[in-house]
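Enquirer: If you read the protein sequences in the order shown, they are chains F and D.
The numbering of the first sequence is the numbering used here, which starts it at 1 and goes up by one.
The numbering of the second sequence is the numbering used here, which starts it at 354 and goes up by one.
Hint data in this document are derived by calculation from the structure and do not stem from the laboratory.
Please note: incorrect hints may appear among the correct ones.
Pair ranges (Cβ atoms, derived) [said to hold, decoys possible]:
hint	chain 1	residue 1	chain 2	residue 2	range
1	F	G73	D	E477	18 to 28 Å
2	F	T74	D	N436	24 to 34 Å
3	D	N436	F	H69	16 to 26 Å
4	D	G420	F	L305	48 to 58 Å
5	D	D384	F	L305	25 to 35 Å
6	F	G110	D	G424	44 to 54 Å
C-beta: ideal position from N, C-alpha, C; glycine also.
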Amino acid sequence: MDLVEAILAGERLPLARLLTQVENDTPAGRKGLDGLFPFTGKAHLVGVTGAPGTGKSSLVNQLANVFRHPQNGTLPLKVAVVAIDPSSPFTGGALLGDRLRMRDLCGDPGVFIRSMASRGALGGLARATADVVQVLDAAGFEVILIETVGAGQSEVDIARLAHTTIVVEAPGMGDDIQAIKAGILEIADILVVNKADRPGVENTERALRAMLELAGPEYGSASAFGRTGREHHGASGSGASADTAPELIEQGSGWVTPVLRTIGPQAHGIEEVVQAIFEHRDYLQKSGEWLDRERSRLKNELDILLQSTLVNKWNSQLPEGVYESTLARLCERQISPFQAVDRLMETRLQPCL
Amino acid sequence: MVERAIRVLIAKPGLDGHDRGAKIIARALRDAGMEVIYTGLRQTPEMIAEAALQEDVDVVGLSILSGAHMGLVPRVMELLNANGQTDMHVFIGGIIPESDVAALKKMGVQAVYGPGTITGVVVEDIRQAVTGTTVPFNK
Numbered sequence: 001m002d003l004v005e006a007i008l009a010g011e012r013l014p015l016a017r018l019l020t021q022v023e024n025d026t027p028a029g030r031k032g033l034d035g036l037f038p039f040t041g042k043a044h045l046v047g048v049t050g051a052p053g054t055g056k057s058s059l060v061n062q063l064a065n066v067f068r069h070p071q072n073g074t075l076p077l078k079v080a081v082v083a084i085d086p087s088s089p090f091t092g093g094a095l096l097g098d099r100l101r102m103r104d105l106c107g108d109p110g111v112f113i114r115s116m117a118s119r120g121a122l123g124g125l126a127r128a129t130a131d132v133v134q135v136l137d138a139a140g141f142e143v144i145l146i147e148t149v150g151a152g153q154s155e156v157d158i159a160r161l162a163h164t165t166i167v168v169e170a171p172g173m174g175d176d177i178q179a180i181k182a183g184i185l186e187i188a189d190i191l192v193v194n195k196a197d198r199p200g201v202e203n204t205e206r207a208l209r210a211m212l213e214l215a216g217p218e219y220g221s222a223s224a225f226g227r228t229g230r231e232h233h234g235a236s237g238s239g240a241s242a243d244t245a246p247e248l249i250e251q252g253s254g255w256v257t258p259v260l261r262t263i264g265p266q267a268h269g270i271e272e273v274v275q276a277i278f279e280h281r282d283y284l285q286k287s288g289e290w291l292d293r294e295r296s297r298l299k300n301e302l303d304i305l306l307q308s309t310l311v312n313k314w315n316s317q318l319p320e321g322v323y324e325s326t327l328a329r330l331c332e333r334q335i336s337p338f339q340a341v342d343r344l345m346e347t348r349l350q351p352c353l
Numbered sequence: 354m355v356e357r358a359i360r361v362l363i364a365k366p367g368l369d370g371h372d373r374g375a376k377i378i379a380r381a382l383r384d385a386g387m388e389v390i391y392t393g394l395r396q397t398p399e400m401i402a403e404a405a406l407q408e409d410v411d412v413v414g415l416s417i418l419s420g421a422h423m424g425l426v427p428r429v430m431e432l433l434n435a436n437g438q439t440d441m442h443v444f445i446g447g448i449i450p451e452s453d454v455a456a457l458k459k460m461g462v463q464a465v466y467g468p469g470t471i472t473g474v475v476v477e478d479i480r481q482a483v484t485g486t487t488v489p490f491n492k
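Let's have the full structure, built from the sequences with the hints guiding it.
Expert: Written as structure tokens, this is what we have:
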């Protein structure tokens, strides 16, 4: 299988081309993933999320730089970056501009940057991001930095994919009540206050620390929210789509979420963030949480794939016109959505062709 | 299987600092449903070729207003070929004297657009170029 061999050998064009196939979910992409999957599971997946304009891309640029040029004499790590920007809901087009902030990484063969459009997915990632990350993992990248779309409050899919999630905040983005809402802040393994040369940095930092302390002074982490809280995502999955209520994200309780200040352009505070990333990795590995997270990530992926495959199969076996006529009756308010589903489920399927 | 989106790299090689044209084209292509990777000002040919490779784009659009196109374009073409992206569609926009257009096309440039070009023409040309030919997936 020479595509797999080429990628394992570090060839870049086959890698780039396979990523396209995987992103488009083609048969060639699936075959490539099948071949590469046994070689995955080695990379440290680091998510970087936060509101638009907080400086995620610049931070990713700086983090990658430190991984490539460690000051403490350790070996440089191979770094891949997957940067996701939103697709237009009207045209499907996208302007992918994260790369613009990452020009320091140009010309380094130990770095591979790939931009992705979200293509309608709402959780802050694209549907194929997990698969793209797997290919890069198999290709030998030791750290994979995943930058989400500019996230609001509930784009928390990154916490299901990444081992370590960094949430980036900037001064002046909201008060302490924003900080205790459920959602994006509580998925942080590391909180970064970027643009720390701006006024208001103390307030932001204080609000974040207060949020962490409220969560449970004995842990000093946000984990207490996770046990009682529910996610924003609809608890009622519906219809013929593959999306149902996602499982709650498992959270450990032994990690103290640090709050770190950075100034992107001056690379100020970046070493400390990288240090925290390494410490979090050690914590995950020692506590056994690394394996738990891997398992729940793969389970999540299996469930999503299974659901979409079942729906597709069912769709292809449903006699023509049944779905449309059911939808029409629903629109006329003759039946409720639940009755519509019952009716569809009771429809006799045609045998597979 | 997802419908295939056309991926375009819009880059400004060289030293001129005017990127309004590049941004207008990037926006028009986005509005036409394409995925546009915008790399910003002052790119070297090496940076452009590297981005085109990593992003596996179908099209590279270069915006050049500095007059250095006869130096920059051959270098970009050479690097794209060296990376194995021999099937790349390269388009150029900017201030390009009529007398250079034939030479640029001979290097493999698909079209050259001057000031006043209607963006719809660029969109159609790109769509034609990409979907009219298939990008082979081998290796």
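Enquirer: Does each hint fit the structure? Answer for all of them.
Expert: Going down the list of hints, with the structure as the test:
1. G73/F to E477/D: 18 to 28 Å: For E477/D against G73/F, whose Cβ atoms are near 56 Å apart, the range 18 to 28 Å is violated.
2. T74/F to N436/D: 24 to 34 Å: Roughly 31 Å apart at Cβ, these two residues keep to the hinted range, so it holds.
3. N436/D to H69/F: 16 to 26 Å: Roughly 25 Å apart at Cβ, these two residues keep to the hinted range, so it holds.
4. G420/D to L305/F: 48 to 58 Å: holds, 53 Å
5. D384/D to L305/F: 25 to 35 Å: The hint (25 to 35 Å, Cβ to Cβ) holds, given that D384/D and L305/F are roughly 33 Å apart.
6. G110/F to G424/D: 44 to 54 Å: violated, 30 Å
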